[in-house]
Each structure stands twice: as C-alpha cells, then as structure tokens.
Amino acid sequence: MNGELTVGERLVRGNPGEQIFAFAAKIYPICRSITGDGVRKTLRAIRSHIDLDIHEVPTGTEVFDWIVPPEWNVREAYIRDQRGRKIVDFADSNLHVMSYSIPVHRWISLAELKQHVYTLPDQPDLTPYRTSYYAENWAFCMPHRLLESLSDGRYEVVIDSDLSSGSLSYGEYLHKGETDEEFLLSAHICHPSLANDNCSGVALLTHLAKCMTGLRTRYSYRFLFAPGTIGAITWLARNEGQVKHIKHGLVVSMVGDGGGPTYKKSRRGDAEIDRVLAHILRHCGLKPTILDFSPYGYDERQYCSPGFNLPVGLFQRSQFGQIPQYHTSADNLDLIAPDHLAKSYRIIAETIDILENDIVYRNTNPKCEPQLGRRGLYGAIGGDKDAAGANMAMLWILNLSDGRNSLFDIAERADLPFALVRKTAQLLHRNGLLARRDDEKPRTT
Amino acid sequence: MNGELTVGERLVRGNPGEQIFAFAAKIYPICRSITGDGVRKTLRAIRSHIDLDIHEVPTGTEVFDWIVPPEWNVREAYIRDQRGRKIVDFADSNLHVMSYSIPVHRWISLAELKQHVYTLPDQPDLTPYRTSYYAENWAFCMPHRLLESLSDGRYEVVIDSDLSSGSLSYGEYLHKGETDEEFLLSAHICHPSLANDNCSGVALLTHLAKCMTGLRTRYSYRFLFAPGTIGAITWLARNEGQVKHIKHGLVVSMVGDGGGPTYKKSRRGDAEIDRVLAHILRHCGLKPTILDFSPYGYDERQYCSPGFNLPVGLFQRSQFGQIPQYHTSADNLDLIAPDHLAKSYRIIAETIDILENDIVYRNTNPKCEPQLGRRGLYGAIGGDKDAAGANMAMLWILNLSDGRNSLFDIAERADLPFALVRKTAQLLHRNGLLARRDDEKPRTT
Amino acid sequence: MNGELTVGERLVRGNPGEQIFAFAAKIYPICRSITGDGVRKTLRAIRSHIDLDIHEVPTGTEVFDWIVPPEWNVREAYIRDQRGRKIVDFADSNLHVMSYSIPVHRWISLAELKQHVYTLPDQPDLTPYRTSYYAENWAFCMPHRLLESLSDGRYEVVIDSDLSSGSLSYGEYLHKGETDEEFLLSAHICHPSLANDNCSGVALLTHLAKCMTGLRTRYSYRFLFAPGTIGAITWLARNEGQVKHIKHGLVVSMVGDGGGPTYKKSRRGDAEIDRVLAHILRHCGLKPTILDFSPYGYDERQYCSPGFNLPVGLFQRSQFGQIPQYHTSADNLDLIAPDHLAKSYRIIAETIDILENDIVYRNTNPKCEPQLGRRGLYGAIGGDKDAAGANMAMLWILNLSDGRNSLFDIAERADLPFALVRKTAQLLHRNGLLARRDDEKPRTT
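Chains as they are written, first to last, in our numbering: chain A, 1 to 445; chain B, 1 to 445; chain C, 1 to 445.
Hints are not guaranteed to be accurate.
Given that identical chains are not distinguished, each listed pair holds provided it fits within a single copy or across any two copies.
Listed next, the in silico PhoX-like pairs over lysine-lysine satisfying Cα-Cα at most 25 Å (straight line) [said to hold, decoys possible]:
hint: 1; residue 1: Lys-244; residue 2: Lys-367
hint: 2; residue 1: Lys-247; residue 2: Lys-367
hint: 3; residue 1: Lys-41; residue 2: Lys-210
hint: 4; residue 1: Lys-210; residue 2: Lys-247
hint: 5; residue 1: Lys-176; residue 2: Lys-244
hint: 6; residue 1: Lys-423; residue 2: Lys-367
Please keep in mind that the hints were generated in silico from the structure rather than gathered at the bench.
All values derive from a computational prediction rather than experimental measurement.
Build out the structure end to end from the sequences listed, making use of the hints.
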C-alpha cells in the first residue's frame, strides 16, 4: 500500500475535463425523451466507452404505481406560414417540440396557434423546454420575440410524431469491488439538447466508469443511466431486492457550469454520504451550498421515497431552477466548460477516495502520547511557535484512534482535509503507532 | 369530512373581536381581588354566556402549602383633607386601594400618610396597582403628581373593608369531546380594573367556550376562571387526580394589546403545545417572541411546578412587565382593541385546529412517488420552473408519511403552514394515496 | 453550616495576588529544564510552603513509550569574540542557551555560529526560548539585532553543560478530603526564566495548596509540579492504578497576564469541569474564550490521551502561542501582575467552591409553589414590577429541585451565578423547603 496511489488519485489522472466535455458535446445534439431512439442512441454512445448493459422495458409494464408509457419518436416537425416559410423547425432544435407531443397536421389561425406555443416572456430570446408525458397534447416552444413577430393569418403546424407500443430504455454498468456493498451513481438521460442538464452528468459518470475499469475497490459501483422519474422507478421496481446493498449514492446532474457546488442531503440527513460531501465541499475552495433534503428535485425523489429511504443525495454545481439558463435553449455547450467538469469530477473522485479509505485504526500506545521525535516524526526543535500546525494531524489521529473513530470522523472533528489525515495515518501505521481494528477487513486500493 | 369546516374554522366565524371587547368592557369596572363579591359578580357575568360551574371554597381550607385566606370586600374608601375634599376615592377607581387592605379610619399627618401611599415617580400621572394578600397592611395608590401636590396638614383616611371568613370563588366549564384527553385553558380573574390584565383573557376564553358549545371535538376543553396563584393552587389541590388527563394547556392573559405575540414554553420545553405555538407564531405575520420557561409569570408557575410538570404554556401579546402600562391605571380600555383581541383569538383557534387535526397518515404507495398526474393532482405540463411550489405540500406529505410523522411534524419539517398541509393531506386521502394509521381512532370535526 | 464560610470563600481570604506574585518572582531566576538542579531548587522552594513529596525517577526508566532522559545541568555558557568580549552569557539569562544543549568549546566562524543561533527576526530585540531534549544538538538564543551586529571573524563558543545519568524530579502534594475522589491540579515546572509560562502557574498552585491546608473538603486535591510532557507521562506511568479517582482536573499555566481568561475543554467536552469553567467564565466579568479540546497544548495532552481520557481541562489567561511575549525573553516579571494572578486564583477557588457545593436537593413541596411570603422569604407587597428579580433564584431552585437537577444544573438553566443559587438554596433548606436527596452523603465545608 505504501506509496501506491489511492483509488481517488488514480481516477483523476489524465485530462478528465476535456474528455468529459468532448463526450457531452457528442451527445448534446441527440433528441432524447423518456423513451425513444434518441435514448438508445445515447446509451450506445456510452457503450462505446464502457461495457454497458442496455435494458428495454416494454410499454405497458407496471412499475409500482406507474405504467411504462408508449414510446415516442419524432420524424419531423415545423410551423410554416402562408408564404411557406418555416417559423420553427425541429431539425434546428429539438427543444421546439414539446416532448411527447401527439401527431398533428393542420392549418390554424394565429390565435389557435398561440394556444399551443410556449415562450418565456421574461427571457424573450430563449426557447423553453417543455414536456407533457402523461397528458395527451401537442405544442411548440419558441422565443417570445419570435411569437410576437408573427402576423395574423393561418399557419401550418406539423408534428410527425409516433406514440406507440415500444419500450423504455436504460443502461446499467456495475464495477465489481471486493464487497457487495454498492455505491450508486445515477444520471438522468431524458433531457434533449440541454448541455448542463444533463449531458454533463451523463458524460461525467461515463468517464468515471471508464476510469474505474480495472481498479481494485472495496465497494462495487453501480452506474445507472435512465430517464428521469419513470426510469428510476422502473429500475427500482426491477431491482427491489437488490437495493439493500446500496450503502451510498449520488444523483449527478448539472455538473458543467461554474456555480455552486451544491449538495442536497439524502432524506436521512446524516448518512455517511451526507457527511462526506459536506466535508469535501467545505474544503473545496469554492462557495458550496449544502441543502437539507426536500422531496422536489431529480431521481433522489424516488431513491429517498419512504419505502426505500436510501442514502442517496444530489450533487450539482448550480442548483436546479436557480440559474436563468435552466430548462431553456441557453443551456447549451457555452454554459459548460472542461474546467468546471473537471472540478465536479474531482469532487466525486474525492468522495470515492474517502469512502474507500475510511478505516478505523487503533492507537497502539493509547496511554500518553508516543514519542514521535524518537521516530523522526516530529519537529525536533521544541518551542517553535509554528511547528504546531504541521503536527496537528498526527496528534489528532493518535488522540482519537480509540477504536470508535474512523479517519473520516477524525478529519471532521479536527477540521482537517481527509487526504492529509489519510496520508498521516498511513505514516503512523507504517511506524507501528496505529493498527487496524482486528474485526475489519483491509480496504486497499 | 370533505368540505366540512374544521373546529378551528368554525370557531372564528362571526365577529369575535367586537364580542370579546364588549365583554371585557362589561367586566372592567368590577372591583376584583383573590376573593370577594367582585369575583362572584365576574363569574356570574361569564355564566350569562356559558354554563359555568361556580365553586366556593371556604376560608381556612388547606390547599397544599397554602390556606384559603379570609374573604375581602370593600364598601367605601377615601382620603379626605381638613377642608373635607376627597383626595382619592375608591368609588372613582378600585386601584386607589391596595388589595386586601385592612380597615382603617383615622386622622393622620401627611408624613404618616406617605407611609401608606404607593405612587410611580417615573410615571407621575398613573396610579399603580398594589396588593398585600398575606401581610396585614393598608395603603392607598395614587398618581405621584397628586401626592406631591398635597400640603402639610392632617388627612382623614377611611377604608371600610371587611376581612372575614367567607370563601374563594372560581368558575369552571368543561366542553366534553370524544376523548377524556383535556386541553386546559386558564385565565386569572383576580385583577380589578385592569383591561388587558386580565379582562382581555377572561373575555377571550368566555367567547371561545361559547363558540365551542355544540362542536364535536376530539379533545375535551376545560376552561378555568380563577384568582391568580391561590385559585390555581386551590383548583389543583381539589383536582389532583384529574390532571393526568391534561395533554395540552394554555394560560391566557394580556391578549388585547397590539404587542407580541409572546409565548412562554412549558417547563418541559418540547411539549406538543410548545411546538405548535412556535409554529403558529412563526407563520402569524407579526413579530413573535418565544421564551423558554421560567418560574416567574402567571399560573403556569403552579401547573409547571415539579410535582405536576404539566404541558401548559403562557400565551400573551405583550409580555407581562414589559410595557409601561403594566399594573397601572393606564391598563384601561384604551389599551385593548377588538382587532388585537380577534388576532389573539384566531391564534388560539388555530392552536386548537392543529391539535384536533394532527393525524398520522400512512403513504399507501411508499415505494417511489405515486403518479400524481394520472389522478389530476399534479401540474400536467412538466418543465415549468414555477409549478414546483404548488406541489411541495403533496410531495412532503407523501415522502414523510411513513407512519412516524404526524401532519404537524410534516408541516414543521417542510416549514409549510399547517392548514395547507392538512388540506393537502385530505385531498391525498380522498384519492387513496394516504391511509389512516390502523391503530388510530379517527379524529373528526 | 449556616453562616460558615464555604471552601471557596476561605481560599480567597487575605491577599493572594501579592503572595503569588512574590513566589513567582522568587523562582523566576532559576534555570529549569525537564531535569536538573534548577527543577530541584524550584521544588524545594515550593516545599518551603507546603509538605511536598519530591520524587526522583532515574535516567533510563521506561515510562510508557518514553525513557527518562539523562539529567542536564549547565555550569557556564557564553559566546566571546576575538577581542574577548562576551556577546551573550548564560549568567545574564538562562534563555541564551537552548535547553539540553550538549557541551561545546570551540572557535568558529560567524557563518558557522549562525548555524547554532536562534533569533526572532520579527521581534528583533527579544531572545527566543528553545529546547532540544531528544535530538543531540547545541545552540544559543539571542536578539536578532545583536546577531545582525556581529562582524565577521571567529567566535569562541562555550557551553559547559553536563548530560549524564541522574534523575527526573517532580513534586506532589495531596490534600486529603472526605472522599477518595480527586481534583487534579497540575503545573509544568520545566520552563526556565519565563514568568507567565509557568512561574505564574507554579506559584498559584503553591498558594492554593497552602491555603487549603486544614480545610475540610469533600474532594481530595492532588497538586502535581512536574516537567511538561515527560513529567506528566512519568507520573501517569507510576500512578496508572490511581487515576480512576480523578473526577476533575485542571492544567494551570500562564495565569499572570491580563488576557483571557481561556479555558480549553477536556477531550470529553462535557465533563463537569468543562461545564463549571464555562459557567464561571461566562459570569467572570472579563471576555473569556472557551475552546474545544485539541491535542496540542500542555499536559492535558497526556491526561486526555485515549487510554486515560481524564476529565482534565486547561486554564489560562492568554492562550498559549497567542501573545507576542510567548516563549521569549519578554515573558518576564513585567508581563505578570498581582491583580491578574488574584483574579486567576479566584476563578480556580470558585471552581472548587462549585464542585464542593454542588448538591442535589429535593423540593419538599413539589406540588405548586410553597407560600414563601408566610415564611418571610418573599417580597411582601405584590404587584411591584421590580420585585421579581430578587426572587428568581428561589423560584428556579424550587421549580427544578425534582431530584434530577443539582444546584449547578439549576444555575446553568437559570443563568444565575452559582454562589447566589447556593446561598438561596441554603436559605430554603433552613426553612424546610428543600431536603437533601436521601441517597446522598452530606457534602460540607
């Protein structure tokens, strides 16, 4: 173990920001929804990096209180005016069509058209993102300024969509560790051309899974790429007996912008994942926001429903709904950047590093301090006002390693970065001043 | 239950502020003390509204460490100067005579008179309120300016009072609910012409008891109108075996001014009444003060003595002793107003509403969220930034209804008004998404 | 007990500040280290006041992970220039020689000399205090300005020191109380001419032990005067079976300056000593600092090591390392003053007073308040706005004396000074309103 890199250190080698950005950019143009060929295309893109299992769940399958809906696909869609000019075209941006719009082909008045158009009057140049999965309807989305510019007259509306029996697709990848205990990492894949929400999360987790290949880990890591809500519900319904293995979990979304970071705690509020993320964000050099659990958000809603109550939190940069680009055409590739993606990635790698290395040591000389100086571990010249700082991690670890505190517990009480505590503990362990708790299996990298 | 008014909603119908004020004004002129005909007259006035039981406890009765004192009545009292002019007259204000003054009829010097006069030098135009229940003495109270204006000479002092064997009077009214569990509402009736302290409290509770007549409630409501300290002690001594039924309680005093509101917690500090009042006051739109228990105040001192330790708090607008009018002649009808009384009344009605309706539901679909949209319960158009707010109560209730959280627990954790949580829960219940806990008897209005 | 002085009151009689200062000044010039004749001379000076047991532990004795080092003594030491002028001389200040310097007598260049000189560039007129107990080395300490003024050339360096087999000396004094439960008071005696750190602590505890002689106390008081770290470790190793008697403890250092006061909690964080010091400091009229435990500081590091975890905190005025004079020649007799020493002494006397008198009483009339007025215990005239304050201690004691709260618990919840609570409880006890808990042995003064 001495001198070897930890799991977390191995994960961050290379140039993760550029690679994550490139993959996000690659899947950005695809038209996704909660079902359909865009989802499959996205999953196949992920599979080009990792050995992803792609599951297809037929329309009509009952999953708890829900039913897998018909599959939706769009061939083309546009609005044309009387002079034949296309006002908006699905080919330009898949945001122009409300997701799950039923087929339509009619000439209608401007007044009627306005009944089927969503805009953002406060952000008149942006196109909103809208869905109507479970209420049969059709609509277009466009900039408010464009709608305002339309003159009276009749318009041809065409949505050549398909809502028919098919299946819901999701992808799953399991990195097997030394134990059955799992860390769940989940990203929704149902949003169309929105870069931050959630091409960023899909790309980050794909890269993480890829980097994890071949690493020895204590935990098993389950990566889930599924449509929001119905996808997580479907997965939970099909894996009800397995969720007991989930010891930690993160929903990952909107991780490419420069805001936050933001962590929303699990419903439990004091799960280890909650404590670890709070610790990392406190030491991350940015201005983090730690939120208590609330039942609104992403798929942590399902993982934290009372019948499961899993220790799964939500990691984001900016908080959903809190930036003006949210759910608009401004959530494009300009909103995300390799540096931000890399920072988000490092935070998750550090989370993994803490959980993998959170050992309980026992001080082998619990009565009084051991003589560190004799072992060359301590500033040799006493009386120096400044020597104290450098030795604090050693003193804290020795003082608290009474068999009840893990390294993470110590890092929290001492308010020291975990990595410093881990490295110092390894030094003390090598010097025989710490022993592993007998009843604990070794956790190695 | 659907569409029916709750207990709290029924209680606030009509024009409570005006009615409470009118009754406070009616009993304001009466000379009350801890015993005597003024107390009886006040109790009879209450009995003209509700079916009050009036109890008489003879002088000399032992009540715990105390003995019911002689009964005190005053026929007339005044100070007259040598020219026959009355300086102060009990007929003008019963505050002019210290309560429980022994009889006196003498001519005395100004110097000696000053030994028997209380004034407020810092508030020279006001007459203070003073008592000497258990130390034999006599005194007058008057404005400091008036005392200063008196010239040397001799003065005739007359207090034609009576301190003799009689009884202590108190009134009690029980509204019977579906259970034996009681909510105690207690107001002291021993203060003479002080409008806020406590004609306001007596009138508010009288109106509440009147409005409660005929309502079906879960709890039984015990209204106690008794002299401060000795009255509460007497009641506790005579009802020692019954107090175990008291699940919640409020002492109500000084509820007619525009200050506060103020809530002083019970000795327990975390009783349900403490949590409920804190919740209501936090959402009441005024600037509330929540005080920890202290053993100084009104009759919560007795209810919260260590041998009883009942969950009884103190509800007031301004805190006792914290306004300049406190215990002076300025605590008159100008200090109280129908609007303030109505607001105080509504706060107590809301307290009752929460306690009556604090049900524990169970989410019937605990695994993942139920599909609200299918039931028409959810904003049908996804992606709208603002739809979230309206649905939060539903999501919180479903998430927390795991059998351990009551509606009030949910309102607290979600920081939502209880009424919204209650109404939303009823909606979910009607839709089959919530069930009552099996072991719980229904609580209806 | 009535009218008798408490232990704490007896301890503060006389003129403690002047006496403590005089003794601190007497031992200030002695050259101390962790061993040697200076330590012995200091212990003999203490023994001139109290019946101190002086222990000698031979060089080479194993104490837990440590070994008692050789004994160090210095006959003379200086630096002389080519013209025979002494640059620094141990005879002027024992700070000029790094503690535990090995013998040396050589002529060396200025460049080489600088390798063996410590200065404080930011405090150029002060001489630092430095030690090298366990790494063989030699060095001088001097003002930076003096070092800068030295011209090139050769210098004669002489340290006529002795590092040879001998012993480590420490002193111990036990004041026997009525019980075996101990209060440990510990001061380090290893610092040379530093007045605050720790002539002040040694002198304070010597005075305290002297004043305690002949007093009847509940606790036994163990005073320990030992070199820092190795002395505390040696004492713990030789008294391992006895430490279970230690119920409270304080390390006392730097108690003569005008800063703070500062209290660093024991590792437990909620020991009675931690709560009591926090209470006293909150009411002491100065601006206290309460620190959580950390494993850096004085001998609380050893007492609070995980194998002992004793309830021992650290009491100081200014916090170590936080004042510019710390570990420099400016920590001289000008830094400490009789008034500050007296204040520190009173704080420790008050600590003892609380612990000696922290009785659990039981209210003999737990149901409702007892009638205090009848017993002359209560303001006889009701209605006075200001009477409340004076009676609060009585009301709090009666309300909380349910057998679960000690007087100190009551003082904390009521936020009243302990002395007021104690005196008031004695008054109530004399009046039969409080009884001692049956299962408790009397604690008398």
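Hint-by-hint comparison with the structure:
Proximity of Lys-244 and Lys-367 under a CA criterion of 25 Å is satisfied inter-copy only: 14 Å between copies versus 40 Å inside one chain copy. Only between protomers do Lys-247 and Lys-367 lie at most 25 Å apart by alpha-carbon distance; the minimum there is 18 Å, versus 35 Å within a single protomer. When the C-alpha separation of Lys-41 and Lys-210 is checked against a cutoff of 25 Å, the pair qualifies only within one copy, where the shortest distance is 19 Å, while the shortest distance between copies is 71 Å. Taking the shortest Cα distances, Lys-210 and Lys-247 sit within 25 Å of each other inside one copy (22 Å), while across copies they are farther apart (57 Å).
In this assembly of identical chains, the alpha carbons of Lys-176 and Lys-244 lie at most 25 Å apart only when taken from the same copy (16 Å versus 49 Å across copies). In this assembly of identical chains, the alpha carbons of Lys-423 and Lys-367 lie at most 25 Å apart only when taken from the same copy (23 Å versus 42 Å across copies).
In this structure, every one of the numbered hints holds.
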